[in-house]
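Chemist: Could you put together the complete structure from these sequences and hints?
Under the working numbering, think of the first position of the sequence shown as 324, with each following residue one higher.
Quick caveat, the hints were computed from the structure, so don't treat them as lab data. Incorrect hints may have been included.
Distance windows between CB atoms, simulated [as the list claims (entries may be wrong)]:
#, residue 1, residue 2, range
1, 859, 597, 30 to 36 Å
2, 373, 570, 32 to 38 Å
3, 480, 758, 54 to 60 Å
Keep in mind that this is a model prediction, so the values were computed, not measured. Ideal placement from N, C-alpha and C gives every residue a C-beta, glycine not left out.
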Amino acid sequence: MGPVLAGVLQLIALTGALALVHIPAGTCMARVYSSTRHLRVERWIYRGIGADADTEMTWPAYLRGVLAFSAAGVLFLYLLQRLQGVLPGSLHFASVNPAQSFNTAVSFVTNTNWQSYYGEQTMGHVVQTAGLAVQNFVSAAVGMAVAVALVRGFARSRTGELGNFWADLVRGTLRILVPTAAVAAVVLVACGAIQNFSGIHEVGQFMGGSQQWNGGAVASTEAIKELGTNGGGVFNANSAHPFENPTPFTNLFEVFLILVIPFSLTRTFGVMVGSVKQGYAILATMFTIWLGFTALMMWAEFAHHGPALQAAGGAMEGKEVRFGIGGSSIFAVSTTLTSTGAVDSFHSSFTGLGGGITMLSMMLGEIAPGGTGSGLYGMLIMAVIAVFIAGLMVGRTPEYLGKKIGGREMKLAACYILITPALVLVFTAASMALPTPPHSMLNSGAHGFSEVLYAFTSAANNNGSAFAGLNANTDWFNTMTGLAMLLGRFLPMAFVLALAGSLAKQQPVPVTAGTLRTEKPLFTGLLVGAILIITGLTYFPALALGPLAEGLA
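Modeler: Structure follows, in structure tokens:
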């Protein structure tokens, strides 16, 4: 079997698995977020945190809950790292320095999981499990909660109430993420991933010295890392490490975990708004972009020129021979089109155009299918913009799901799509203009610029993957990427919740002969076009200086 055919067959198998679970998973999540029952353990949690889970919240109250919970998470994780040196189970690792502690705390709370450190040499068992792994669950649950609040904004009328943040947070964690991650962890252990709390072991002599490995709760961390579109690995090699990702099957299984919740949430959306066809339209948009980018990536990496690449069967530099170009391409596109950031290959070693595809995937806003929750609300924002564009074309007030898209709604949607590009471009420009930050670049020219552009694209979009070749463990990059992650996570959430509140107060308008049918393929095509055009116009100059210049050289 040739490598191209192997890659295509993996893509077909992955698509079939996602299609198989789409309806049951999406319907189950809709029931979770629509339920009025509280499990006993959930009631204990509500009493412990002093929350009334039956009280409905307006969007400012919902946002305050999101910000308060996230701020507490940042503080706890920061202190846990600063105290690591005196904690049991630290594997004798020293406490993490303040700048890196701040960056890592912000990174995991914002579902970014950007890592400017070597995991196996920096974080002990306590920080990995009680700190980082816990945030993998709850940061994903926060994104899902905000997405559900926006869906309720479309589904409800003549009310400003969007549900209860604490109930959505706890239900998403206990009823969806924990049981699914537990099953996934068992699968990974059965396939060879490690799961223990062992210390540091020396594993033989190499070139006059010994190599050391430490264990950890790797399989369970890996499961929620992918399922919650987090991306932070126990080991520096991330999902290229055989302890995290042992076989080609686990590689494809981890991609499945990355995509299953974001794709299934479109079914949840359709069920909750009372029209599954609307959910299918959003799903078709996401799938079209994901499949197109995957095919483009495979072409870029298989289109080998020169005797070395021909002998290897493609651009194999920086790729695991266990996974090959096909598995690496599927993983790279899936992890950057979502907010995962996990890697099974070296993105900096991809071809110039291949590296540009990973960057463009994040620049789309990670909406195809995007992160757990963040992908759905990002795509719904783009749907609002698409119906506005359609309304301008025909001279009619735009409507989406029976809600008029007026001036207030468009201002909120515009702020949402502008904030992330502004963060990426401003921070990248500052890093290139100041004298010290460019010293962190391993490469010069277009590739060196791509390293910095990729770093801030990853941080502001809450992705977390790195182009590598950039020493990000400096005070400048730890601080600036930390700020980019904070602003890139919570400012868009504020605009989303404000939009949800505005929509929930409206009275639905009846469907007429002039209403744009947003469940039809025509709207899907319009939405895909709007996404690509808006992203291209925003980022083309920066891409032309980096990956496009390198790829065309």
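Chemist: All the hints need checking, so say for each whether the structure fits it.
Modeler: Taking the hints in turn, this is what the structure says about them:
no. : hint                  : verdict
1   : 859 - 597: 30 to 36 Å : holds, 35 Å
2   : 373 - 570: 32 to 38 Å : violated, 46 Å
3   : 480 - 758: 54 to 60 Å : holds, 56 Å
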